[in-house]
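A.B. asks: Chains A and B supply the protein sequences, listed in that same order. Per numbering that gives the first Met the number 0, residue 0 is the first one in the first sequence, and the count goes up by one each step. Per numbering that gives the first Met the number 0, residue 0 is the first one in the second sequence, and the count goes up by one each step.
Any given hint could be a false lead.
[Unchecked claim] On the chain A side, residues computed to face chain B include the following (Cβ under 10 Å):
(1) E38
(2) A39
(3) G40
(4) N319
(5) M551
(6) T600
(7) C640
(8) D645
(9) D671
(10) K682
(11) D688
[Stated by the list, open to error] Derived list of chain A stretches under chain B, where covered just means 3 residues or more per stretch with a C-beta under 8 Å from a C-beta of chain B:
(12) 4-15
(13) 219-230
(14) 280-286
(15) 627-638
Source of the hints: derived by calculation from the structure; they are not laboratory data. Ideal placement from N, C-alpha and C gives every residue a C-beta, glycine not left out.
Number of protein chains: 2
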Amino acid sequence: MSLTQEMFAIAPAMGKANLSAGQLKLLAGKARWIFRVCEAGFPTVPTIVLTRACWDELQAERGRRDMRLRAHWVACLYKLVDKDGKPPMLVVRTSAASHNGGLMPAKVGIPAPGAPEDSVDPARPLARAIKQAFESYGFSGAGWGASRSDEERARQIVLVQAVAGGEVEQFLTRHATTGALGPAALPGSPLPRLPESVGALVSLLDAKAGRHMACLVSVDKGKVLFLSARPVQASGDADLNAAVDRVHRKVWTPQGAVTRVDPNRLALMLHPRLKSSEGVSPIAMGLGVSPGAASGAIVFNAEDAARLRARGKHCILVVNETGPADIEGMKAATGILTARGGMSSHAGVIARITGKPCVAGVRNLSVDTTEMVARIGDREFRSGDRLTIDGGDGSVYVGTLPLAQPQIGGAIGTLLGWSDSSRTIAVRTNVETVDSAATALSFGAEGIGLARSEHMFFSPERMVALRRMILSEDEDQRSLAINGLVDFQTGDYSALFSAMRGLPVNVRLFDPPLHEFLPRTDEEIEETAASLGLAVRALRLRLERIAEINPMLGHRGVRLAITYPEILQMQMQAVLAGARAASEALNLTIPVEVMVPFVSTATEVSWVRERVFNILNNSGLVRSDRVKFAFGTMIELPRACLRAGDIAGMVDFISFGTNDLTQTTFGISRDDAPTFLAAYQRKGVYERDPFVTIDEKGVGEMIEIAIARGRAANPRLKIGICGEHAGDPASLRFFAGLGVDYVSCSPYRVPVARLTLAQASA
Amino acid sequence: MSLTQEMFAIAPAMGKANLSAGQLKLLAGKARWIFRVCEAGFPTVPTIVLTRACWDELQAERGRRDMRLRAHWVACLYKLVDKDGKPPMLVVRTSAASHNGGLMPAKVGIPAPGAPEDSVDPARPLARAIKQAFESYGFSGAGWGASRSDEERARQIVLVQAVAGGEVEQFLTRHATTGALGPAALPGSPLPRLPESVGALVSLLDAKAGRHMACLVSVDKGKVLFLSARPVQASGDADLNAAVDRVHRKVWTPQGAVTRVDPNRLALMLHPRLKSSEGVSPIAMGLGVSPGAASGAIVFNAEDAARLRARGKHCILVVNETGPADIEGMKAATGILTARGGMSSHAGVIARITGKPCVAGVRNLSVDTTEMVARIGDREFRSGDRLTIDGGDGSVYVGTLPLAQPQIGGAIGTLLGWSDSSRTIAVRTNVETVDSAATALSFGAEGIGLARSEHMFFSPERMVALRRMILSEDEDQRSLAINGLVDFQTGDYSALFSAMRGLPVNVRLFDPPLHEFLPRTDEEIEETAASLGLAVRALRLRLERIAEINPMLGHRGVRLAITYPEILQMQMQAVLAGARAASEALNLTIPVEVMVPFVSTATEVSWVRERVFNILNNSGLVRSDRVKFAFGTMIELPRACLRAGDIAGMVDFISFGTNDLTQTTFGISRDDAPTFLAAYQRKGVYERDPFVTIDEKGVGEMIEIAIARGRAANPRLKIGICGEHAGDPASLRFFAGLGVDYVSCSPYRVPVARLTLAQASA
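Okay, chain A solo, but in the shape it has when bound (with noise of 0.2 Å):
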């Protein structure tokens, strides 16, 4: 394209503009809205753009004594002029892609150049302000210029307008927050008097940019004429009114709708939220590792935030870390806060299956119990001070913020209503009480995909009978404490199939990590020996035998299961007694998946087929059709992706675990990341976290080794994921490509997924 191309009118004052292709693709910014109204037919003050590099050219052709160019320019500029034949008085707007802050303001009110070599010359207003207008983009934040190619930097435009007469007026196309058609009110302003010939200019806009749009006019005896509009963010429930508006107003199918919905601003709709954080200043920032947001008064222990909550009150539980005597105490609190522990700490594992807002590993945070006293940096806070969390980005405020709290239904409802039709890939949940199922449930969950059996012994009574299992010394005393589970267990898995409704119920075997279990403080430990009938000194001996240097690989999972196999009798029947006590109530076939944890080889998925079927065999439920079995495996360490083909041969599926694959293909222990991870990002050794978002070049190539070595073998294999990538949109895409038959995420994430996965079958 020549450079006389790249300086055109875009709403010339009188005729079309008439764009090639590639001026077109010059139009960043507001340049793209203005030509757009222009050639929609609504009344455009006249404008014309030119590009940095012709600009450059104009300069270089002054020293040259040469006037081609100027002369297109002079000839771009006469574009502006009425049919009166006056030269109006000129207006220079910068017309950036993103919209910054470092941006030059614009300049009004610059007079004509009266004769063609004022046009160009740098001491004159026009060409002074269009030189100030490029430059502007030049000094727009640290390291952006710098990562600007050269050709990028050369297709910049500014704009010159004509001024128009009568009053300058802004609106919003939607309101802030409603999302409803406007012509709306700025945030903070009031709306202004406009005539009604206005609709038809936001109606334009609207269906033009798809998105709430800023926009300027000028108001003149009742005329309105557009100036210039640019995209202005808006709520996440102003986003989504907004795109089934458009869908009711035929403006988009409903398919259009579901692919321009961004994911993760619905995931950050499903939690309270703050309201706004301008402002104010966290006092500290940890890790993000339960999304949503609370604020309360501060409590040390579960005795008192369960006080607090008995009176209705909101609190926030502060703890250096948490272990399983916190439990209560997390379950009673609005949210928890922790000096140590990453995204798999108890605290944030705990937390996310309740659903409570959790910030943890913020490392100048010091907890003193003695005193009952928490420092943050030099600031000491005691019991009732108040604080605000927010568990999306890891901020600590101090005093109560003003929340927002989730919807579900309205826009959301039908939105993912749309979405479920263009799905090809069942979502599923992580949850395993049936107060958890029910929130699945209500947010579009087909089942459950990952039910964490050792999950279900988290209430004091029940943590008992567990450490009195761990602990046992020989096989007499673990099955007398397995007794002592089997009743605990039959209840559970009755209720949760119950709860599903005949919807697949994945439970995995048993599989603790035992530092998780255990008791720590001396606290816990003596009220251990005491529930246990062991002496102190006793437990202490047990407690130190049986520690693990390394828990994460340690003596967990399916090794359980093959050391103690009356751990998998025990379970097996008590899911079995529980499917078929559910199937008689609620009279239904209940598809019940058992699911082998941390295997690494195919001989120990055959050891534990063996046995499961065996138990199956004997109970009496093949032949009746009150259960529909399925066996599989979860794939989460390296050898099992490369063994994959062995092992599909004895399962009906295979789910994969992609926290632990990525703790093991990187190496990395997500509690103990944290300290090494943030100087990672900030150093650009990682681009992303990959705890959040799955890393396709090395975990990604293990899972798509196993798939498809697994179909290969097997090619009825059903394919899961049920780590927690599964909640994570980029993740979803990636695993979406793999052809995977489900993903199981926290019942939060539902959503999220429903929609990503839409979005990735459209």
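Following the hints, complete the assembly by docking chain B onto the known chain A.
C.D. replies: Just chain B, lined up with the frame of chain A:
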């Protein structure tokens, strides 16, 4: 082959045996030696064989009153009749492929059958003896018969010989412990008087069998008649001496000798070992984590160990587990015995480095340091009580058992010398001290493949400096601590480079798993606090804050270099200064290799590479011939294997750390594995311990992927193995098949690697 061919003379009384290829294949056990000796022309007692299939059919024929096979059988029996025509008395012997306790002893003095039908009548002595001989194969050990196929069973053979006149004598073809050519006495018996002519038999059998044989002859009027022979297990020394002697006698070529020696036996010879454990039972079994046997007085701490050592006494350090505070004690002790920990526990690692025998993870051992008593089961042991441990098989004995010391040189030296001429893969060693380097060089190491720089701090004063660095709260404190380390390090490297005299030395950048370097007991914490000038309470807080849940997957390796670049800076400077000093002192070019541990992304490698080369370029060494520098990375995580193509372009070499790669590929912490590995092997889930022999199907494939991608991206890439598998014969054969350039193992394994790799190249 028809059944008539399955009974035949292997040493006919007259004429030659003339066996078919099928008949030769039937000659298992003694039959083989009888045939070969007779065939070679040495006087041999007349002998015939028949298979079980044949025998069964002879019995079946009786029922059918058929005679075809029996006629052939009687003809065979006639082959035992000498030219004098007198049917001899008979002997029936088993002839199994492997020696076995349940076999029938030879039945001597059976009268020859009076009539053809007597020869198959089970009521008569000959047939009864043959039947018993076959039956004895069936009763030879549980499971053995079951796993044997029907076809193998049918091919089992029994011998019928003529009884020889004169005295029956036994002897060995070579001396049981020296390996000198015999005739030699059987252990525990005097050497019988034998005619000179037996020498021809001894040479003949030794050449045919290529191993120690126990030989049975009859001596009648100065004439030797060969009756039978079977192989016997000789000592490792005897085997090696015999192998070298056979080369000198031109029975074998040097390469033939190299390929015939079992590297596993060589490994056992390179440490002190129990002379014999016959008649004594271990009182406990643990994991043999560092090979060799040791005996001595029990000590519970470093002081007592040092005191005994100063008096020239041997002692066994007995502790629950070891930590940095125990290092001096471990060095002073002759052997180490721990209640907890596995192959890569602190005890195991230090024991292998220092070459001390160690038995770890003895589950029924507990040490009470207050009362100074160790309990094994219900027995109590106190300071000064004597124990013997075998770090090869993990057994623990009461008292002092006699030990044999390793012999380097002599036959081993000769054999290894031969092995080097056919070997194509270099053998380096994993050491970081001058002493270990000297040992490794004496064993033939061709360089250092892994110098774990953090191991240079295993002495009390350095440990203080190291702990100061790890525990520093900020960059200033850390810089101060680092400055305290530079001098130590420069001297260490200079000494190490000098000791290696121009052979390549590979320095792995700092990779301390924190838990191995921090104080743990109250006493250690108090000492450390004092030496750092910190309050105990402050130190405890700091320790709590940096404690990791899974240190194996924590803030280590390259993560340390990226978060604390000042450590990298210090270390590179010390390495280069050390190399310069060594080069100047020896007037040699020092080949220096620097290796980045624990990488999972190519970005980590490029980040470190840039800084390493900056320091190198500023050192003034680049254009000198003082140093030949190479940069590389350890590949010890699954993701690094997958991304080897990205990494290979930035490095001169990669070296596989198979220990950590096994841990992450399997998701197994080697320290914690003992709790389930035993059950896994017992239940047949693992055929082999993957930490001893490389898992070819999982970890092996990861390595194959990395090599293929690495070589594709960088054809000049040098590839090494530096995990412990580099000392295991089965693993070494696998690595040789992958075409690696070098392996690096602990000093005592160097000869094993030299021999195994020579065999693999042959």
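A.B. asks: For each hint, tell me whether it holds in the structure or not.
C.D. replies: Taking the hints in turn, this is what the structure says about them:
no. : hint    : result
1   : E38     : 46 Å, violated
2   : A39     : 48 Å, violated
3   : G40     : 53 Å, violated
4   : N319    : 8 Å, holds
5   : M551    : 4 Å, holds
6   : T600    : 7 Å, holds
7   : C640    : 9 Å, holds
8   : D645    : 8 Å, holds
9   : D671    : 4 Å, holds
10  : K682    : 6 Å, holds
11  : D688    : 13 Å, violated
12  : 4-15    : violated (count 0)
13  : 219-230 : violated (count 0)
14  : 280-286 : violated (count 0)
15  : 627-638 : holds (count 4)
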